[in-house]
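**Student:** Got chain A; can you put chain B on it based on the hints?
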Amino acid sequence: MAVNITNGPDVCLHAEKISKIYPGTKALDEVSFNVYKGKVNVLIGENGAGKSTLMKIIAGIEQESEGELFMGEEKVHFDDVTEAREHGIGIIHQELNLFPNLAVYQNIFMAKERKKGTVGLDNEYHIKETKRIMEKLQHPLDPHTIVGDLRVGQQQMIEIARNLIQDDLKILIMDEPTSSLSEQEVQVLFKIMRELTAEGISIVYISHRLEEIMQIGDYVTVLRDGKLVDSAAVEDIDISWIVQKMVGKGKSYPKRAGNIDWSARETVLEVKDLSLPKKGGGWLLDKVSFQLKKGEILGIYGLMGAGRTEIFECIMGLRPEHTGEVILNGETLNIKSITEQIDRGFALIPEDRQREGLVQTMDIGKNLSLSSLKNYAKGIFLKSKEEEANIDEIIDEIHIKVADKRLPILSLSGGNQQKVVIGKGIMTNPKILLLDEPSRGIDIGAKTDVFEIMNHFADAGLSLLVVSSELEEIKSIADRIIVLSNGIKTAELAGDEITEDRLVMASYEGHNSGKKN
Amino acid sequence: MFKDKTSLMMTLLKGRTLIVLVLLLIFFSVANDNFLSTNTLLLLAKHVALYGILAIGMTYVIITGGIDLSVGAVVGLAGMIAGGMIQNGVTLQFAGVTLYFSVPMVVILTIIVGAFIGWLNGIIITKFGVAPFIATLGTMYMARGWAMLHSNGATYSSLAGNEALGNTGFSFFGSRIAEIPVGALILVVIAIIAHILLKKTVFGWHIFAIGGNEKAAKLSGVKVDKVKILVYIFSAVCAAIVGLITASQLEAAHPATGETWEMNAIAAAVLGGTSMAGGIGTIGGTIVGAFVIGVISDGMVMCGVSEFWQMIIKGLVIILAVIIDQFQRNMEAKMALQARNESKD
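Chains as they are written, first to last, in the working numbering: chain A, 1 to 517; chain B, 1001 to 1345.
Among these hints, one or two may not hold up.
Claimed, not checked - Derived CB-CB ranges, DEER-like: (1) B:M1009 with A:N4: 46 to 52 Å; (2) A:E492 with B:I1134: 48 to 54 Å; (3) A:D404 with B:F1116: 42 to 48 Å.
These aren't lab readings, by the way, just hints derived from the structure by calculation. The C-beta atom is built at its ideal place from N, Cα and C for all residues, glycine as well.
Same shape as in the complex, but just chain B:
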């Protein structure tokens, strides 16, 4: 099946995250009898859904060669926007009325707010030439501040809605359909859409081209600014959706929700083989990466490992993943060079 050792090694390297995931599942199922139960796995899916969705948006951004630090804050902001609309409605001072929206309307408005932050990121990065790290660091603080201002730092805790106001049903996103958490279903839907968009459309290939060589992409007629802005909007919309799911699961919206989640999203993307230099990455890889992080967290919790050790181990796994990634790229470069020498006549 394999021509030689190198191609066997390459196959193993490429599938490494999946191999790690399987090994982790085996390890934890041995360490704890209950680990492979349906219940645990469904709970795992519920957890993974959150940063899995974030990581999908992040993967798009990283493939263009950028980074989006604002997603965690957008999660918090989205929860507050939705929570505020359900609990207190929107008061129009000049008209002296308070409007209550139905849940679908709340969802749409929340996603629009998220998209706005993404658009802002895109504009700051493309039109003003600010480095993505700095631009999204700025909007991260701004979005978090907005979330805090929304309730003066308080939590919205009555998200059940009111029959009389016609805004019940928000808890749907935190519920289960046939035992499967709705969040996990949303993850699956977004992952499929994101994968097809990336691989089968002009937009997707333009994303790869920009990350591989922005200058060449521009000279080839790729509308670099437009594609980048859309990518940051996509990432922020993913974050807003996560914000909605989180608030729904907790039936409460707290302005500090989502702090440091952007780091989990970056970690999942990188574990999944997305290159921080841009131009390389897959949605499938990112999902597997998200599950690796999820299994480590949940598995260690079940085995009674302290949260502090979990952090150390997570850090080690991420660094190890990147080291192996470098190794793989060196090997690929060497193979390309070899092919080039052989084709010389």
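Pulled out of the complex, with its shape left as it was, chain A reads as follows:
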């Protein structure tokens, strides 16, 4: 494939055949990359494709092993972040690097303070400048607000503001900035990105969300296994082009069989008028009802804060204050504790793999058997042989790539870690599997695997509830979708009724109907 990326007058930064060699691996292999002036330059690839490494080299966090960087005609090299910043390059990391305990203006001027005399802080100037920049970003905020009290979207603005206080910003690198934003916040962010590019600032944008790329991107560069695959202007391509370039073959999400008569299937779970009060009045969940059939995958779609995760928390016994009925196989449950719910046949795959799913200090095998340990107890002792056999079985069944199950869990890739969390749930022999954003933060290859696992167990008679905020995914994986908005169920769609328009429309409906509490 002849991908010709050359320096030119419309290029702000040109990377020429950059390689980065770590002991044992080549993270980047002669990758060329252009940052076009005043454009949104998207960098995309599966996890481990080398996107972050390339960004870190441009931002001066890491240094290239081979290859050259040019800004205009001038050859540049950055030994550290400060040098890159002097050349007008700023970076916003995926995990925000803010001080939640300090005020907005302190965050913005951290380590860039203006002094009064030798030691005094010129806070008057800091506050004045903070006001000016936040107004420019159309986010007027009191500079004295404590950052920890702000919403994630607002915090993101602070990160952008930090990069704008020096007037010379030429390139702003954004690493998955939308991963924790709501739909509205994403649109605000995109508007600001457009304004920045209009001022001639170039943006380098990393994201996993393909729809976003089509909306905001000008140029797309695809990396795979540390190599440059292709580069194109967004107007010339479509989503399937990107997916195909990323995975290397014509791979798409597995689709559910559409010809099943669900009305003939038995109902496994019925939820009636599930309500959950919000602190300080109002409802997190407002009389939500639904049914789940045997072998069915029911999708739950909605914006952040719509109440999706709360449904799972109620069912798993983490929210004893909920009201309404949960009926399992005809029996109304009195839900008291998560342990009890697991015994009854529920298994939860939580959203945040690292914080809620894995025990990082334990090995792969123990992470898998953690939920089902007591099934292997004889008296107080563990029947290790039986445990080991079952661990091997599940590793085999859901294709977890492991060299040795006694290795630390962190030696696995993100996708395989996610499979371990799912395997842990499966090992409890559940009747109902609750998956909260099962594809979050894993690459397309692993996503496909995860969806295949879900299909496999649904076909085997398990019933699945899946929360997802990615339209494309939930459309292909779910048999039926309910949409939540502001704690209210606003739609229930099946088969041909499932369209992106209807899902998105329904996800905003709860905010319009009725006044805000």
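**Tutor:** Quick look at chain B alone, frame taken from chain A:
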């Protein structure tokens, strides 16, 4: 035997406490001819038994990600409870009688009092959400105060018991069987039980899971509160047993006994590779750690090094141990990352 330098280094790092122990034994046996005699070693075992048992309970607590500052005070309290029961009996005011219990009964009642303090720790930490450091700091003062109140600060010194009252035999725990101190035998028994409990049972693995990631453990169905309460009870029971042994060895119970012993227990656990962040630790490591501290103390005493220097050296050894521990963890993290990169296809 070793694939490369890294794995040799890792093996050395993992066995470092044992290596240090051996080096210390060699050093002191050269410095003092009498050091490696049976007598000295048995005396060493007698000393180590005390904070070794404390350190076993402490290891459980630290693996869950907690800390138990109250164990030293529980040692003192347990001695006073047992001592008071033997010397003065228990007076029931409303009935106007004084009851004297047999020694096994005294032991059981004392352990129940210890378990109560542990239960209190567990309840304060799990049900009221108080940080373990603060909760056990509070119960440390309370247990010490209770010990002082018990005799108004005085020492119980006649623990031999009285044939007529049927409560003789308390000195057993301070005695020797075939020359081996009973305390050391109790240490061995508790260590074996604690090791099996930690490695071979559901309870043990739940302890590791809680310390590694409490949230994930909870969502996996681990009864976090129940396990934690049991762990604090275990730690306090260990402390009560140490209290009984100490009082028996001295044939006296003094309310200030056990002050700062919790620090020795923490030091032994940390020297043995227990991670203060939780989730990592072994009983074997802790025992070796306890012996390192014991050898340093006893060895320096025999070499005539002043107590003040002993404290400085103990401090240095602890800090050094933790620095090496950090080094080992960084190296392990790096190796895991490397394995992850290599497995990428």
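**Student:** Holds or violated: 46 to 52 Å for the Cβ distance of B:M1009 and A:N4?
**Tutor:** 47 Å, holds
**Student:** Check the following: the C-beta atoms of A:D404 and B:F1116 are separated by a distance inside 42 to 48 Å.
**Tutor:** 45 Å, holds
**Student:** With respect to the beta-carbon atoms only, verify the hint that A:E492 and B:I1134 lie 48 to 54 Å apart.
**Tutor:** 50 Å, holds
In summary, the structure agrees with every hint in the numbered list given earlier.
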